[in-house]
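S.K.: Chains A and B supply the protein sequences, listed in that same order.
Each residue of the first sequence is one higher than the one before, counting from 1 in the working numbering.
Each residue of the second sequence is one higher than the one before, counting from 1001 in the working numbering.
Since the hints were derived computationally from the structure, they do not count as laboratory data.
Note that CB positions come from ideal geometry on N, CA and C, so glycine has one too.
Where hints are given, some of them may not hold.
Stated by the list, open to error - Sample of chain A residues at the chain B side, in silico, Cβ under 7 Å: (1) Glu3; (2) Ser28; (3) Ala29; (4) Ser32; (5) Thr93; (6) Gly94; (7) Phe101.
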Amino acid sequence: RKEVEQDPGPFNVPEGATVAFNCTYSNSASQSFFWYRQDCRKEPKLLMSVYSSGNEDGRFTAQLNRASQYISLLIRDSKLSDSATYLCVVPRTGTASKLTFGTGTRLQVTL
Amino acid sequence: DTEVTQTPKHLVMGMTNKKSLKCEQHMGHRAMYWYKQKAKKPPELMFVYSYEKLSINESVPSRFSPECPNSSLLNLHLHALQPEDSALYLCASSQQGVDTQYFGPGTRLTVL
Chain A
1 RKEVEQDPGP
11 FNVPEGATVA
21 FNCTYSNSAS
31 QSFFWYRQDC
41 RKEPKLLMSV
51 YSSGNEDGRF
61 TAQLNRASQY
71 ISLLIRDSKL
81 SDSATYLCVV
91 PRTGTASKLT
101 FGTGTRLQVT
111 L
Chain B
1001 DTEVTQTPKH
1011 LVMGMTNKKS
1021 LKCEQHMGHR
1031 AMYWYKQKAK
1041 KPPELMFVYS
1051 YEKLSINESV
1061 PSRFSPECPN
1071 SSLLNLHLHA
1081 LQPEDSALYL
1091 CASSQQGVDT
1101 QYFGPGTRLT
1111 VL
């Protein structure tokens, strides 16, 4: 199993739809998880941090399933501006400095 | 304010040139990072500075030379690069021992 694995997509959804992405990780000792969004030719921007079972921020909900070793990101009421690549990021245990990035899931929200 | 700034935004250089990329943060973060990102790939870690000392070098070729003049600044000196080094170079910072990293806007480098 890859350290961090994501479905590359693209996910094409209409405006207003609910969409969910999953990210699986291999290290059962991982304690923290992040979702970053990256627009085309821009830097990754922190979207959400997950340290326990989940986190919610407005239309965005992240959930952690430790038993199955996956993190999900749910986006409700999708906006055109949500179109981006969503990177799942897991710090390597024992070193907070090293992050393992998934390859990203591309979301395209359409009219 | 979670702002990391980088200059220049774009850089075109020949294989014999010497240039430098600059990164600055004023969040009091004591860990700073250089990443390289190719199109449609995730960022790849190059270097980590912790308290102004180089703590991680991910086996980066010596034509890339990092420098941390003080706790707010990080430079990446470039010399004799190859066309395959063309990429987006991202700087990031974090509080020491905390895994949340904040990225700058990057420098898009083209090597001719």
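S.K.: Of the hints given before, which are not true for this structure?
M.R.: 1, 2, 3, 5, 6
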